[in-house]
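Using the hints, position chain B against chain A.
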Amino acid sequence: MENGANGALSPPRATQVGANVWEIPRQGGMRVPGRVYASAQLMASLRDDPCLRQVVNVAHLPGIVGYSLAMPDIHWGYGFPIGGVAAVDAEAGVVSPGGVGYDINCGVRLVATGLEVADIDGQVERLADGLFARVPAGVGSEGAIPKLRLADERRLVAEGARWAVERGFGSAEDVDRIEEGGRLAGADPALLSERALERGLKQVGTLGSGNHFLEVDRVDEIYDAPVADVLGLRVGQVTIVIHSGSRGLGYQTCDDALRVMGGAMERYGIRIPDRQLACVPITSAEGRRYLAAMACAANYAWVNRQVMMGLAANTFEEVLGIGPRDLRCRLVYDVCHNIAKFEEHEVEGERRALLVHRKGATRAFGPGHRSLPDGMRRVGQPVLIPGDMGRYSYVLIGTEGAMRQTFGSTCHGAGRLLSRAASKRACRGLDVFAELRERGVIVRAQGRGTLAEEMPHAYKDVANVVDVVHDAGISRKVARLRPLIVIKG
Amino acid sequence: MRAPAAGESPVYEEIEHTADVGIVVRADGAAALFEKAALALYALMVDIGGVELRGDRIAVARGGSRAELLQAWLSEVLVLFSSEAFVAGEVVVEELHAGVVRGRLRGEPFDPARHEFRGEIKAVTFHDLTVKEDRDGWCARVIFDV
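Protein sequences, first through last, are from chains A and B. The first sequence: position 283 = 283 (this note's numbering), numbered continuously. The second sequence: position 20 = 20 (this note's numbering), numbered continuously.
Here chain B stands alone, though its shape is the one from the complex:
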């Protein structure tokens, strides 16, 4: 999944949380949900509309429940930014089954001159974390510490 271009609607809704930042993400399938959530995390930190897909990274995460798996996945994605300053403009989940998710992120090194910085995210919290499937598709709710 690619980051939406300028003018297109974002991949997430922001929750009104007083101190921190929360998102609700909806998708047709579980893989798309994980892709959207990763893009949402990047979009909260940096304007990813203009990210060039010059390099790639693989992220692998493990977790017991679906919610724990999403938390672990987003934490892996976050570390790519905070340790390597890598920003992704495209995320493709290549493997997703019980307890494991593996995805490929395409993007480039963060460049403050070209990528507008929006704010740091410290961590992906477990607070009110939900991942559920209903007749409308998949939905995740995540609160980040900022």
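The following block holds chain A by itself, in its conformation from the complex:
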């Protein structure tokens, strides 16, 4: 592999073109320049990182317009950098499953409750036990819906979040608070492989492991009171954050597509620097089939998060001995950060239909966008940025600046600092549960290994990442959340 990320070529040079913006000029087969959103400090830490080479590789995709973009939480991924955004022409461009990732529609939802921190005082340990017992990790175990049949699974991937609401998980109002109303158009269950359906069957309503989590947080600080008010957030309020995706069904769908596209690329005369960037024309049979299967996986992920939200609400009610009217559980918003979506954006003064790949990046539509629900259209789209489990997470709001600069996109998380192996080494001899308890965070986890890999020291401080997107004007800070309980797979 001539352009592999393991040091075959020297790292590309980026020059500063704005306060928090760096450009990698076009060279070789790049069709557009690269643009990285980062502070000088973040950029210095990336200088020899393979992720900048990945920004260059993505710029080779046929039909890419504007820039190969990277958000400040950029880090080394497979194929695309994590934190990468690539918009391609919807007619002449390609779709790349690697630009979506294996975990199709991995995303985050923020759930508000009517509770204050004082209302769960003395019950936090019991809540943690209850949530850990009720929300399965889904590894080698039955899912949350044990008797699900293949016919049900085909329906749920076609119907999206509404399927879960009709089965008692959450309420009908939640669906409007999900990107695309919790159902990506064009889903065709007939295009999923049997294996994808098989892998997904027992995992509906399960968390998975790695960096996925369910958290109970308290709203710790409000930066933008009018917007927080519209979203229904106030200091001291108890909230729930869920980070998970499409589980085995999504992983298999990506794997199936890469296999097909690896063989098809030659036929379409496409040459790219990394096999993991395999792509085909959007309008080709292979491209259309992938997008229809991807939509199924996206819908599965929304069902998954909707079911877990319902399970969490039931747990709160049981443990606290209260009813739904006291709990007042309501979805604030649900975002995807691994997806490709057809959107219209202005490029050099012209409205164009584009397919926007966001791989570890979040949509951040500004005020007035017609796809936003009525209640929040005038303020913009909420953006949910989880930090590491010991510090804090952020709620941001989409801006006009994001529409102009980044195809309505922003960051998705803190970004890793240490490799998983290095993080585990740093935890040797350490009681990670006690360490987090010191910080006031109660943790339940199935695997101690995952916990050691996910410790706060393994991540950049998400505040630095959020400050970059705030200062660059591609989203704005609204509120900060601090974790009280963390459930990990």
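A portion of the hints provided could be inaccurate.
Here are some chain A residues pointing at chain B (derived, C-beta under 7 Å) [stated by the list, open to error]:
id: 1; residue: Trp76
id: 2; residue: Arg275
id: 3; residue: Gly449
Derived from the structure by calculation, the hints contain no laboratory data. Nothing here was measured: the structure is a model prediction, and the numbers come from that model. Positions of the beta carbon are idealized from the N, C-alpha and C atoms, including for glycine.
Coordinates of chain B only, in the frame set by chain A:
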């Protein structure tokens, strides 16, 4: 090939990859390389030192190049865990030639009470995937999405 017992050295080295998990596996021959890589994949997910060899599964994979074949093989092995919750403590490659690998995995159903869970692997990526033979033997480099 059996999984190493507690205290024995592991069958793989871990690559320092920031977000994902990568391994380097070395072996004298191609079949042993495929066996070791499969055990490494299991060992990343579960402590396989104490897996009892109570049942078996056959995995068959096809792929054009050696690297593609290894990716397809490891994907088959991964699906045995993610769909059937089967963990292997022994892997024997019975057939390996141009474009096809067939192996027998012996092990048992995953039991969280006896097998320490280490973390889920989502997929076997093509990113920086290499399989090569040199004078020291065979070597593979694989990055997993976790």
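Taking the hints in turn, this is what the structure says about them:
no.: 1; hint: Trp76; in the structure: holds (5 Å)
no.: 2; hint: Arg275; in the structure: holds (4 Å)
no.: 3; hint: Gly449; in the structure: holds (4 Å)
Of the numbered hints stated above, none is contradicted by the structure.
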